[in-house]
Amino acid sequence: MENDSKSNYLSGILRPERRERRHLIDILQDIQAAEGYLSRAAMLEVSKFLDMPGSTVWGVATFYNQFRFTPPGRKPVKVCLGTACHLAGGQLVLEATARELAIEIGGTTEDREFSLERVACIGCCALAPVLTIGEEVHPRMTPPAVEEAFVNIKAAAPGAPGTESQP
Amino acid sequence: MSFEQLFRQAVSRWESLYKGRNVHILVGTATCGRAAGAMAVLEAFRREIEGLGAAAAISEVGCMGLCSHEPLVTIIKPDEFAICYHNVTPQMVPRLVQGYVIGDDPCLDLALGTVTGGGHEPAVIPELERFNNEKRLLLRNSGYSSPLEIDHYLACNGYKALAKALTMEPGALIKEVERSGLRGRGGAGFPTSAKWRSCHSAKSNIKYVVCNADEGDPGAFMDRILLESDPHAVIEGMAVAGYAVGAKKGFVYIREEYPLAISRLQTALMQAEDKGLLGKNILRSDFNFDIEIVKGAGAFVSGEETAMMAAMEGKRSWPEHRPPYPATTGLWGKPTLVNNVKTLAYIPLIVNNGAEWFKGIGTKGSPGTALFALAGKLTNTGLAEVPMGTTLRTLVYDIGGGTRGNRQFKGVQIGGPSGGCLPEALLDTPVEFDSLTEAGAIMGSGGIIVMDEDNCMVDTAKFFIDFSQQESCGKCTPCRIGTFQMLDILQDITRGMGTLTGLNMLEEIAGDIKAGSLCGLGKMAPNPVLTTLRYYKEEYKAHIMEKRCPARVCKDLTAYYILPEKCERGCDHCVLACPAEAVFSDENGLKVVDQSKCTKCGSCELVCPVEYNAVIRLSPVSLVPENRRTRPETPSKEP
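Those sequence lines, one after another, are chains A and B. Just so we're aligned, residue 1437 is where the first sequence starts under the numbering used here, counting upward by one. Just so we're aligned, residue 8 is where the second sequence starts under the numbering used here, counting upward by one.
What the hints contain is simulated information worked out from the structure, not anything from laboratory work. All C-beta atoms in this analysis are idealised placements derived from N, C-alpha and C, irrespective of residue type, glycine included. Be aware that a few hints might be false.
Calculated Cβ distances over 10 angstroms to all of chain B for the following chain A residues [unchecked claim]:
| id | residue |
| --- | --- |
| 1 | Leu1446 |
| 2 | Gly1448 |
| 3 | Arg1458 |
| 4 | Asp1462 |
| 5 | Ala1477 |
| 6 | Ser1483 |
| 7 | Phe1485 |
| 8 | Pro1489 |
| 9 | Ser1491 |
| 10 | Phe1505 |
| 11 | Pro1512 |
| 12 | Ile1569 |
| 13 | Val1587 |
| 14 | Asn1588 |
Straight-line alpha carbon distances no greater than 25 angstroms define the calculated DMTMM-like cross-link-like pairs of lysine to aspartate or glutamate that follow [as the list claims (entries may be wrong)]:
| id | chain 1 | residue 1 | chain 2 | residue 2 |
| --- | --- | --- | --- | --- |
| 15 | B | Lys607 | A | Glu1584 |
| 16 | B | Lys607 | A | Glu1531 |
| 17 | B | Lys562 | A | Glu1453 |
| 18 | B | Lys604 | A | Glu1584 |
| 19 | B | Lys341 | A | Glu1456 |
| 20 | B | Lys287 | A | Glu1453 |
| 21 | B | Lys255 | A | Asp1462 |
| 22 | B | Lys256 | A | Asp1466 |
| 23 | B | Lys341 | B | Glu363 |
| 24 | B | Lys322 | A | Glu1471 |
| 25 | B | Lys562 | A | Glu1540 |
| 26 | B | Lys604 | A | Glu1540 |
| 27 | B | Lys554 | A | Glu1531 |
| 28 | B | Lys607 | A | Glu1583 |
| 29 | B | Lys322 | A | Asp1462 |
| 30 | A | Lys1511 | B | Glu263 |
| 31 | B | Lys607 | A | Glu1553 |
Sequences are here, hints too, so could you generate the full structure?
Structure representation (structure tokens):
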């Protein structure tokens, strides 16, 4: 069942007109958009499709910051550390977020709810320092505000507080 | 349809909206507006207008560059003032609709000012002093015309330059660009016409035009705003460039992190094709040109043109030696013209108004305007477009409104990771390519970050080197290993383990990296360190000799201390906020920070009520009185 849906979405991405090296990054972007990350299996499919060694696909994929190789959380948390955010205390916000979620940068919480990334500028420098949780932008963050944001999100989640939200 | 017909049709549509009998509401929905809540505001206006059955049109527009005032809404009312409202929330919408859209109350308490111009003139808010210092060429349509409607662009003389260019000889077109003196806005300031000419003379049936929209500098967002606010200007510039050099195919290489810019550009491309302004036989000529979007996958080095082309070919984004230059040997070995977003957006203006007009703006060596993203500790953050030659002081004070909260100005970082930090003494430097290079900074992409007394220059230099080190592609050794070593030394300094020999070593390595690196990323990476060393050496020395961070930023050199004479005792804010349980009460109920436990997150300082303001930062850490450093009677727990 899972395999079926996987090959379905891949065949939608690996369309014949894209069978050219120049579409490699584009293809990888589409896979990540569909699956949330680049799995080994998907990259091997791409290597067959483009008729290039798997190591080449891996080499290109790992070069770029955009690609991740482990599944992200349902709500990816991104802390901006662009220049404006850095000067406004973004590092403290990042540390507070890591502490709050009890994971490291690049990690995912055990319940797969949150994953944590640092990003290089999400383009709202006027609101620095900024943190995004899922699609939501949280402006002018401080360590206490980070704590509050997560308390609110956890309180709003079904099954909260303190219980597993998903089986 | 002929261009005349397209134009007339667009004008009549545009006028019915902007000069018609109904109220027209403009909601700024570029990325920064959205981050501030513009979509909820837009939705609220739609609901309210629909609910009341009011006769009003709503358009989504781009960004006026006034980030700190977002979300912005402009209400254009026939025979009345057009009024711009700022920091609009959905809660304000019913009042604005009842008040100004339907009634006669202009709701002045919510207004930022009136909007004049728009259309053939740039839209400005005359009440804001900053507009006196600005000269809006690229931003002329931003925040006023809708980027989602090609007719809005057409009605404001859009695609006129393309129609005109198609009647000219490519050689004459290149000559016009040459006479205008336009220099590339990607950072280096290379004469645009030289690139055009060499691509034009290159012999090949296949040529490409690439628009470089890989704006990687963390703190610069001009290209994004331009593409989100006025995408057709860039498309038109590309088509003219394609015609001039003899290319039939264009690519826009744009960061994947700019989803809204990508989608607006996609919409614009489709509209241009529908109108016959892109595709085959453009405007009934024999010129064919189409444009494809290529999304970057996040690599700073991809902004370098040869690295960008490698990425477009589906490879690791590694730069190549130049020459050969892309203009003769570029994408897939074909002649390729690579120009920045802003450079291309000037082209329609130059073609329409002529080289002489363009030369009349700015300075002799750097004609035209400069578009800057102002960020950091400024009162007014956002975008500013000024004539070249405007001083940094005007940008920081007259447009930026000076530092926030009147903190002491410390420096301005210009040009991002490739640029430099300039002190107060150099604020009268005019911004243009040559004078900035002389001062040790670069024009760069146009990011300006203002720093105040609370920012540490060593930490800032470290931040940029850390960025360059992470983004170094690894192809050449000086950049890959050199930036790592520089970062190592800077880390030692910020941790109080630096030495004066380390400072000399920094300079030496910086020189080697500049001399030996393959591409601009490496060659420029040491600039933030070199300029801070040049203008803020005392601050480096304080870190090294006194173990003191004057801005009290570097964690290892700074301690949080609670002033006993200010602490209120009964209030437990700091105790509760501390994630490390480092704050405790002494025998008198006064709070003390246990330095051995403190993680220096700053929470206690933030939560201490302003009426007490008892938490301060001290540097060096030895300033904390000895009897108030650790919990005295704490039985030492097992680690």
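Do the hints match the structure? See the list:
Interface exclusion of Leu1446(A) from chain B stands, the closest Cβ pair being 18 angstroms apart, more than 10 angstroms. Under the 10 angstroms C-beta cut-off, the non-interface status given to Gly1448(A) relative to chain B holds; the minimum distance is some 18 angstroms. Not every beta carbon of chain B lies more than 10 angstroms from that of Arg1458(A), the smallest distance being close to 5 angstroms; the non-interface claim is violated. The Cβ of Asp1462(A) sits about 7 angstroms from the closest Cβ of chain B, inside the 10 angstroms cut-off, so the non-interface label is violated.
With a cut of 10 angstroms on Cβ distances, Ala1477(A) stays outside the contact zone with chain B, its closest approach being about 20 angstroms. Separation of Ser1483(A) from chain B is adequate, the least Cβ-Cβ distance of about 12 angstroms exceeding the 10 angstroms criterion. Every CB of chain B lies more than 10 angstroms from the CB of Phe1485(A), the least distance being 13 angstroms, so the non-interface label holds. Every beta carbon of chain B lies more than 10 angstroms from that of Pro1489(A), the smallest distance being close to 13 angstroms; the non-interface claim holds.
Annotated as non-interface, Ser1491(A) keeps its C-beta farther than 10 angstroms from every C-beta of chain B; the closest such distance is 12 angstroms. Listed as a non-interface residue, Phe1505(A) keeps its Cβ farther than 10 angstroms from every Cβ of chain B; the least gap is roughly 14 angstroms. Once the 10 angstroms rule is applied to beta carbons, Pro1512(A) is consistent with being away from chain B; the minimum gap is 13 angstroms. Separation of Ile1569(A) from chain B is adequate, the least Cβ-Cβ distance of about 13 angstroms exceeding the 10 angstroms criterion.
No Cβ of chain B comes within 10 angstroms of the Cβ of Val1587(A); the nearest lies about 13 angstroms off, and the non-interface call holds. Every CB of chain B is more than 10 angstroms from the CB of Asn1588(A) (nearest about 17 angstroms), matching its label as outside the interface. Using a Cα cut-off of 25 angstroms, the hinted pair Lys607(B) and Glu1584(A) holds, with the two alpha carbons roughly 19 angstroms apart. Pair hint Lys607(B) plus Glu1531(A) holds up; C-alpha atoms about 10 angstroms apart against a cutoff of 25 angstroms.
The hinted pair formed by Lys562(B) and Glu1453(A) fails the criterion: a straight-line CA distance of about 54 angstroms is larger than 25 angstroms. Straight-line distance between C-alpha atoms of Lys604(B) and Glu1584(A) comes to about 23 angstroms, which keeps the hinted pair within the 25 angstroms bound. Taking the CA atoms of Lys341(B) and Glu1456(A), the gap is near 17 angstroms; set against the 25 angstroms cutoff, the hint holds. This hinted pair checks out: Lys287(B) and Glu1453(A) have alpha carbons roughly 21 angstroms apart, not beyond 25 angstroms.
A C-alpha spacing of about 22 angstroms is found between Lys255(B) and Asp1462(A), which places the hinted pair at or below 25 angstroms, so the restraint holds. The hinted pair formed by Lys256(B) and Asp1466(A) meets the criterion: a straight-line CA distance of about 24 angstroms does not exceed 25 angstroms. Distance hint between Lys341(B) and Glu363(B) is unfulfilled; the C-alpha atoms sit about 33 angstroms from each other, more than 25 angstroms. For the given pair, Lys322(B) sits about 22 angstroms from Glu1471(A) by alpha-carbon distance, which is consistent with the 25 angstroms threshold.
Among the hinted pairs, Lys562(B) with Glu1540(A) is consistent with the structure: their alpha-carbon atoms are about 20 angstroms apart, no more than 25 angstroms. Taking the CA atoms of Lys604(B) and Glu1540(A), the gap is about 20 angstroms. The hint holds against a cut of 25 angstroms. Straight-line distance between C-alpha atoms of Lys554(B) and Glu1531(A) comes to about 24 angstroms, which keeps the hinted pair within the 25 angstroms bound. This hinted pair checks out: Lys607(B) and Glu1583(A) have alpha carbons roughly 16 angstroms apart, not beyond 25 angstroms.
Among the hinted pairs, Lys322(B) with Asp1462(A) is consistent with the structure: their alpha-carbon atoms are about 11 angstroms apart, no more than 25 angstroms. At most 25 angstroms may separate the alpha-carbon atoms for a hinted pair to count; Lys1511(A) and Glu263(B) meet this at roughly 19 angstroms. Taking the CA atoms of Lys607(B) and Glu1553(A), the gap is about 21 angstroms. The hint holds against a cut of 25 angstroms.
Violated hints, in rising order: 3, 4, 17 and 23; the structure is consistent with all others.
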